[in-house]
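Now that you have both chains on their own, put them together as the hints suggest.
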Amino acid sequence: MDLQKLKTKPRKAARTAPAADGLKVVGKSVLRVDGWEKIKGAAQYTDDLQFGPGLLYAALVESPHAHARIKSLDTSAAEKLGGVVKVVTGRNFTQKFGLYMNDRYVFATDIVRFVGEQVAAVVATDPKIALRGAALVKVEYEELPAVMDPVKALEKDSPLVHPDLGTYSHVPWFFPKPGTNIAHWRKIRKGDLEKGFKEADLVLEDTYYVPRYAHCAIETHSAIGLYDASGRLTMWTSSQSPFTQRHVFAETLKSFGLSHKDVRVISTYIGGGFGGKAGVTMEIIAAALAIAVPGRPIKLLWNRAQEFYNTYQRLGVTAKIKMGVTKAGKITALDFKLHWDAGAYVEYGANVVNAAGLSASGPYRVDNISVDSMCTYTNLPPCGAYRGFGYSEFLFGLESHITRMATQLGLDPVEFRKKNAIKEGDILPYGAHMNPNGIREAIEKVEKEIKWGVKEKSKDPRKAIGKALVCFWKSPAMPPNASSSAFLKFNEDGSVNILVSGMEIGQGLLTVMAQVAGEVLALPVTKIRVETPDTDRNPYEWQTVGSHVTWGCGNAVKRAALEARERIFDLVQRVHCLDKSTLYLEDECVRCRTKPDFSLPFRDFVINGIQADDHTFKGGPIMGSGVFMPEFASAIGDPETGQGGHPNVHYTTGSAGIILEVDRETGKMKIKKVALAVDCGKAINPDLVKGQVVGGLLQGFATVLYEDMRYNEKGRLLNPNFSDYKIPTVMDMPEVVVPIIIEVPQPDGPFGARGVGEHTMIPCAPLIANAVADALGVRIKSMPVTKEKVALAAKAARK
Amino acid sequence: MPITAEFEYVKPKDMEEVLHVFSLYKEKARALAGGTDLVVHLKEGLAKPEVVVDLKAVPELAGFALRDNTLRLGALATFTDLIEAPVIKAKFPLLWEAALTVASTGVRNRATVAGNICSAVPSADSAPALAVYDAVVLTRSLGGARRVPVADWFTGPKRTALRPDEIVEAVELRLPEKKHAGCYMKLSRYEGEDLAQGGIGVLVFADHTYRVAACALGPKPGRCPLTEAALNGKKLGDKTLQAAKEALLREISPITDIRSSKEYRLHMAQIMLGRALESASARLLGKGPKYGAENIC
Chain B
1 MDLQKLKTKP RKAARTAPAA DGLKVVGKSV LRVDGWEKIK GAAQYTDDLQ
51 FGPGLLYAAL VESPHAHARI KSLDTSAAEK LGGVVKVVTG RNFTQKFGLY
101 MNDRYVFATD IVRFVGEQVA AVVATDPKIA LRGAALVKVE YEELPAVMDP
151 VKALEKDSPL VHPDLGTYSH VPWFFPKPGT NIAHWRKIRK GDLEKGFKEA
201 DLVLEDTYYV PRYAHCAIET HSAIGLYDAS GRLTMWTSSQ SPFTQRHVFA
251 ETLKSFGLSH KDVRVISTYI GGGFGGKAGV TMEIIAAALA IAVPGRPIKL
301 LWNRAQEFYN TYQRLGVTAK IKMGVTKAGK ITALDFKLHW DAGAYVEYGA
351 NVVNAAGLSA SGPYRVDNIS VDSMCTYTNL PPCGAYRGFG YSEFLFGLES
401 HITRMATQLG LDPVEFRKKN AIKEGDILPY GAHMNPNGIR EAIEKVEKEI
451 KWGVKEKSKD PRKAIGKALV CFWKSPAMPP NASSSAFLKF NEDGSVNILV
501 SGMEIGQGLL TVMAQVAGEV LALPVTKIRV ETPDTDRNPY EWQTVGSHVT
551 WGCGNAVKRA ALEARERIFD LVQRVHCLDK STLYLEDECV RCRTKPDFSL
601 PFRDFVINGI QADDHTFKGG PIMGSGVFMP EFASAIGDPE TGQGGHPNVH
651 YTTGSAGIIL EVDRETGKMK IKKVALAVDC GKAINPDLVK GQVVGGLLQG
701 FATVLYEDMR YNEKGRLLNP NFSDYKIPTV MDMPEVVVPI IIEVPQPDGP
751 FGARGVGEHT MIPCAPLIAN AVADALGVRI KSMPVTKEKV ALAAKAARK
Chain V
1 MPITAEFEYV KPKDMEEVLH VFSLYKEKAR ALAGGTDLVV HLKEGLAKPE
51 VVVDLKAVPE LAGFALRDNT LRLGALATFT DLIEAPVIKA KFPLLWEAAL
101 TVASTGVRNR ATVAGNICSA VPSADSAPAL AVYDAVVLTR SLGGARRVPV
151 ADWFTGPKRT ALRPDEIVEA VELRLPEKKH AGCYMKLSRY EGEDLAQGGI
201 GVLVFADHTY RVAACALGPK PGRCPLTEAA LNGKKLGDKT LQAAKEALLR
251 EISPITDIRS SKEYRLHMAQ IMLGRALESA SARLLGKGPK YGAENIC
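If you're matching them up, the sequences are chains B and V in order. Using this note's numbering, the letters of the first sequence map in sequence onto residues 1 to 799. Using this note's numbering, the letters of the second sequence map in sequence onto residues 1 to 297.
Pulled out of the complex, with its shape left as it was, chain V reads as follows (with noise of 0.2 Å):
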């Protein structure tokens, strides 16, 4: 299916040039970094940008590191790239599960974190690892940089705190100082690539303390203070639990729509909230499912 809407295709070779774009463009440009949104947009009229800005020649933006307990995911990384990497794996394995998960093998080998952040739809499988691992999202604009933490990054459906002059340089996690395991449970339709129609990450730390994060359970993805609440302090047992998934309901927001029914969101949310920490704890313990493994509901 051919693009009918005409544009300008600009691949800048610095930031500087990049930027430059965006303080004129504004919202009428367009970032290209895996286009596994843009691309579909555009051919579906959605997307009607004057200029699509490919950012794959800016060498600043390519490429992830782990420096000083902190991962710099840039913002050409794609998923794939995570899923390959030892370090993420065995540093950030909420994140790798997450990553699996993610469409099919072919979008993840084109689909960037950043990207998936930046669209911002509810069902973004990468919010939750992200809100649980505290992450930090780096912005510039030719005014200068800025962070914005995960949890005010999401303002609505599709909708991020990103200004029309600004495009994302990198995410920044940090490697959370106490031993730890997670989970990340995904609703799926059926076992090939789908959008979650819900999904629960969770850090279980050997201190019981918890972290929780939704998506596709409400208007954008995020943590899930009560919940966390709920758990805080406590061993895991039928009596906690059933108080964390009464505090879960009480946060998410969930929707019916063509993928799901609210009712069954509802319902879904409580029983991945314990089969997520049930993983997660037995994982801290050296058992449990390897990640990536039983997660899809």
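Isolated chain B (complex conformation) (with noise of 0.2 Å):
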């Protein structure tokens, strides 16, 4: 393929012909802003950046133990080393850190709480010496009774994790019960569930198991700190959250005299990031080795284990449900116990655990119900975001359970769903009010696609065919006060800069905030350049997670845009006596609708000014700021019941259905079909849509058919390795994948849009272990739901 063609070339759907809608650019689409620069090799990730020879490396020690007191620590072996500049520990840095709660640390200082946590650092000129000098630090430890298991670490004589947790400080929506391992417990009381059970015809009772999950982006994280002798730190990382993490190093190592205006993050494309470079993890490390070893940049890299075992994991979760349900197929009680395995240190895996047990009853009217969200500390690997935060966990064990009931009631599973789906202004378990949402439009979609109703045979009489429907929802787990911000410029020729914080991490945002200001100010997305951030230059932005950057960030973007917009509108009212309101812009000039031959140019002002009669100029250069904050948002709420505050800011809701092959002897499935229909308010790239449809399929299929972490009793991962960790290749793609977009407009969103990002990789857990049990009359009730578990359940049943 002549790829220059193809640049030049507009493909149909780039073309600028107006929508129904009136829209040109939003709703299109345009070739990513980003595209060519990856397709060519000119992106630049964090570790292609040259610090040229001064460039130090360093190298871990790390934790054999999953709970130990260091009794000892000798570094002069390595210090002696060739090639080593130093060897930093926890005696040089004692502090703590974390996103939602100050219980992490930056190395280990007298006790580790899990296999692989960082020991101490050794800097050296050169990779090889620094992993040789770490392999000389000796450490004695004495090793301490550790607790693996959720429900176990809430037994009385059970070991402790944090005996200090008392003293930990915590964002105020947060439950810990110090003297255990709970470190936050959601809860939600709503209705009366007592009432709701005895109304119920069947009540069901079961526990869903979910393991942890890793994200394997394929860039691992990377980051090079840098304290230079203005007493500046630049840290270049590899990141979804640079001004997070520029608070999070100024928080923790303000001890040194740094401040805010003092840190300096600067974050490149990055290859990957699922929620695992969400937040701060070893970035914390480089940060420390910077300040240890100042004048000279370093660099952390982390090799593909440690990506696995050091950074974040998906939590998992031991779910009990107990629902209630009427014969007409009405949900009447939802009693939801989770249980999560979040780890060593919860600074951000607790707010998952939270968020989750906000919306426990998935995207369902439930008017009794009884939510227990409980973040346990164990002595395995600190867990934090994966896309999906918490829903893909409870929805596995909550779709199941609804098609188990609805098929003992002899109930279509579909049209039990539509019965009970959740509509605008229903309230939610917290008690604030649905959003506008498609789900019913969603489910009818997905239903017809997959041909709902209808039994289909296998060719090959060794294997049955099985369908199954779900729904699902979820909303961005954030602050009530995360706000994003832009800054927009017009250069000499009508181009325009973008400036935001929000990152790139595949999914299209420079593209799509090029799309929200071009239609704005009536410009190809060709003409606007957005780049990834530098905090110095880029206004803020929280955090690049939770679907929440195209809304969020879109919003003040669109803003900036509109702000410029009226500049324009100002000037030319000013110097050439036209009434504002006659004004627009379309194909990059100011035209006037009350005077049809006026037409003026972007390029001929937006910079220079307008010259006026009197032969002076007016204006200058034409710039725009934006800032959004949801400011009808609040967590706080009553710890006992989660209602009174407005924690989530919307829903995100949709449908997806399979069509599901499965070998009856070898438990081998093949999915023939799926499709996904997802409500994102306005599409505003619906090919980037499309995108996210089946990368979110082709991963969430994944955690549900073969990936799996799995450790010894010990708390040592078996498996930090893609021979042992399968994540999935282009031959593990479904037969036929159908990306459906709803668009109900989110009334906030810029141009109705909501976010959509993980939403499509939340369902097919409960998709697969429906559609086994429909195909061969099998419930795997634990993840994964490999193809072992399918066959030997088969054969059990066969018995």
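Keep in mind that the hints were calculated from the coordinates and are not lab data. Bear in mind that the values here come from a model prediction, so they are computed numbers and not experimental data. A few of these clues could be false.
[Stated by the list, open to error] With a straight-line Cα cutoff of 35 Å, these simulated DSBU-like cross-link-like pairs (lysine-lysine) come out:
{"id": "1", "chain 1": "B", "residue 1": "LYS128", "chain 2": "V", "residue 2": "LYS43"}
{"id": "2", "chain 1": "B", "residue 1": "LYS455", "chain 2": "B", "residue 2": "LYS322"}
{"id": "3", "chain 1": "V", "residue 1": "LYS158", "chain 2": "B", "residue 2": "LYS138"}
[Stated by the list, open to error] FRET-style restraints, in silico, Cβ to Cβ:
{"id": "4", "chain 1": "B", "residue 1": "MET733", "chain 2": "V", "residue 2": "LYS158", "range": "28 to 36 Å"}
{"id": "5", "chain 1": "V", "residue 1": "ALA62", "chain 2": "B", "residue 2": "THR207", "range": "58 to 66 Å"}
{"id": "6", "chain 1": "B", "residue 1": "TYR209", "chain 2": "V", "residue 2": "TYR9", "range": "48 to 56 Å"}
{"id": "7", "chain 1": "B", "residue 1": "VAL694", "chain 2": "V", "residue 2": "LYS158", "range": "36 to 44 Å"}
{"id": "8", "chain 1": "B", "residue 1": "GLN50", "chain 2": "V", "residue 2": "ASP54", "range": "25 to 33 Å"}
[Claimed, not checked] Examples of chain B residues toward chain V, derived with CB under 7 Å:
{"id": "9", "residue": "LYS128"}
{"id": "10", "residue": "ARG132"}
{"id": "11", "residue": "GLU665"}
{"id": "12", "residue": "THR666"}
{"id": "13", "residue": "ASP724"}
{"id": "14", "residue": "LYS726"}
{"id": "15", "residue": "THR729"}
{"id": "16", "residue": "ASP732"}
Beta carbons are placed, not taken as given, at the ideal position from N, Cα and C, and that holds for glycine.
Given below as structure tokens:
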């Protein structure tokens, strides 16, 4: 294919013919603004950055134990090794850090709490020397009893992972229980549970188990730190959260005299995040090392094993569900207990527990509900954000349970879901009202796509075909005051640079921001440049997580564009005496409804102003800035019931359906077709939304079919590699993927848009479990639903 | 990830030099052909050789050739070499089919058949094919050459009959004289590259004789004589197949590990045997799935 031809020839969808809604740039599948840079290999990732011969490298000394006391630490042999610059330990840095809870150590001081935890770092002139030095550091440990299971961690005689929990600072919406391993207990109590169960014709109680998962971004974490003589700390990081990182670095290291203005975070493109590069994990080590060895850049690059065991993992959960349903198919009561294995440090993971607890009803109206979402410390690696943020985990049990109950009552599981699906204005588990949504339309479209109700037979007598349809929802999990901002600057030729700190993590944020501004300013995206941020130069963004940046950052960019447009109109009104209300922008010009001949190209005035009749110039560089904060949100509710706040800004809903072929003997599963309908409010770029659907489904199906983190009894991860932790290849794609875009506008979203990034992987686990049950009549209640489990369950059922 | 261990690296131009190094260093020397195992082991500190002997410049070890119905695979022949050779597909289709299941394209471009049997993991995909074709491993040291039948080659998990001062020169396979077809069934966790959790290779001959071999279903890969005895001389039918499956269970000894449980391996060994025999029999009649298709369970 001639790439240059492709570049110059606009695709059909990219033409700017006005759509029925009058939009010319938004709603079009324009080519990605970062596409050519990435195709040509010009895009830089953190590991590509060059720092010259002065660059130092760090290697870690890691705990071999899940729980132990450090008895002694001898760095002398390492320090004597030629090329070693410094050995840094918890003696140099005793600080704790954390995003929502201050519980994680820069270096273990006296206790190690998981296998792989950093105990010391060796800084050297060469990566090999650093590794050899690390091998020379002698650490003596006294092993302590460890706890690996979130249910056992609640027992009275369980070892305590954090005996000092009571002294830790945390956000006001967490409720830790000092003296136990409970780091946070999110409770929801609404309606009358007992009455609800009495009204039910069927009450079903069961437990579902979900293990931990790893993000497996192809680019591992990396960070370079430089603390220079001016007292400035510059960090180059592979991150979804440059500003949050800056804040955590500044807060954690303030005893060294740093203030926020002194800390600069520069984020390049990142090779996959999926939540794993949100917040701060290994980057704090690079920051500390920079402080310890001032004047020279120091690089810390995770290897694949470290990427598995010392970043964040997805939390495991043991989910106990008791649900009551009437014969008519109404959910009358839900008692949901979620025991989360959050690992040794929960500074981020506890908010996953919180988010899941608030929304554990799923996208259904449940008047009588009790949720106990418990964040439990264990001596396993720390857990945190992972695409879906707790929703995939609770939905596995919930959507499995709903299908089982509908089937037991002789009800159609799809009709059951339609009946209970949440509507605009329904009361949410925490008392606020549900936003406009298209879940019903999503169910109907998916139902049609998979020919629900039509039983299919495989051509191969050894195989059976099963179908399933499930629903999903998710809200951005963010502090109520998480905000976004944008700067927008015109250039001499009428082109525009936009500065935001939302991160391009592959999802297409830069393109979408260009489309939002382009729509307001009548500019094609080819005239707009948006790049990854530098916190010194780009304005604030909380984090690129929670599927919120199209919405939040998009609102900020739209406001910046509107402000710039307002300045243009003000100027033209002032100089040309045309009424502002008659002016509009079209084809990179200012035009006037009442004066068809008037057309002023941007390039004629956006920097150098407009020359008035007296030969003076009016105006000057056109710029805009925009800020967005969801001013209606509040995280504060009653700790015992969860009622009273407005913690979630809105939900994106949808539905997915599958046609699955299962080999009765081997258990091997083939996805013949999957359809996913998601209500994204407005698809700013439909191709990018479809990309999210395809990618999310592939990632989600991997977690249910074969991915699985396995630990031994000593807390050591047995598969920190791709030999035994399998992530999908192109050969594992479903045969047919049908993305369906639903557009019920989000009133406060840019052009009606709401987020879509995480949602597409959430329904995968119950889809498979329910389709297997439909095909073979066996129910798998623990993830992953491997072919081994399916084959052995089918074999047992045949006996 | 850098290799932190220090070792000498030599790249001899002829066999004599290679054999001299091995006679001097013995266990402390490691041969480098594809390096797909060795380099990983060096990085992880699992291999700590004093000298790494790169064989890639030794002309006698390169390539493969079929002469007088004997296929000689040089020690440097990669899986991709085999996959891309029409003669292998035509004459040794089971070896071709097994080669296709090894790891991924990138690994197959480097990894050698000789390396696969020298690493000698129980899951070696090439092993069942070599076993049913009665391969012979040709080794050489300064003391002379040996011909080791593949049945005697594997002595345990990651252990072989190779002596410390020897290297593998080539692997020889005799083309079976009778009309036959084959099938390699592999148990894998997904469609991408994977180590076999179990593998069954079969050759079915027109005169109702059979050869069956397994990998990843015991400490070492190899032939399954009890299974062959249950099959030989009989047409494939439900009764014969059942007897063969029962025989197979008596001669395999799979374990439970992170990749699979013993229970599933035992279950799948029988299923794979049945399906492999079915496919190979169909192929013998010019029917059934193409080689390389429908053989991943």
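Interface restraint verdict for ASP732(B) against chain V (beta-carbon cut-off 7 Å): holds (5 Å)
Outcome for the supplied range 58 to 66 Å, where the beta carbon pair is ALA62(V) and THR207(B): holds (60 Å)
Interface restraint verdict for ASP724(B) against chain V (beta-carbon cut-off 7 Å): holds (5 Å)
Supplied contact hint for LYS128(B), tested at 7 Å Cβ to chain V: The hint holds - LYS128(B) has a Cβ within 7 Å of chain V, the shortest such distance being about 5 Å.
Assessment of proposed distance window 36 to 44 Å (beta carbons of VAL694(B), LYS158(V)): holds (40 Å)
Restraint status (C-alpha distance of LYS128(B) to LYS43(V) at most 35 Å): Given pair LYS128(B), LYS43(V) holds - Cα atoms ~11 Å apart, limit 35 Å.
Pair hint outcome, LYS455(B) versus LYS322(B) [Cα-Cα no greater than 35 Å]: holds (30 Å)
Status of the hint placing ARG132(B) at chain V (closest C-beta pair under 7 Å): holds (5 Å)
Interface hint for LYS726(B), Cβ within 7 Å of any Cβ on chain V: holds (5 Å)
C-beta pair MET733(B), LYS158(V): status relative to the range 28 to 36 Å that was hinted: Since MET733(B) and LYS158(V) have Cβ atoms about 35 Å apart, the given range 28 to 36 Å holds.
Outcome of range test on Cβ distance (GLN50(B), ASP54(V); 25 to 33 Å): holds (31 Å)
Hinted contact THR729(B) with chain V - closest CB pair below 7 Å: holds (3 Å)
Taken one by one, the earlier hints all hold for this structure without exception.
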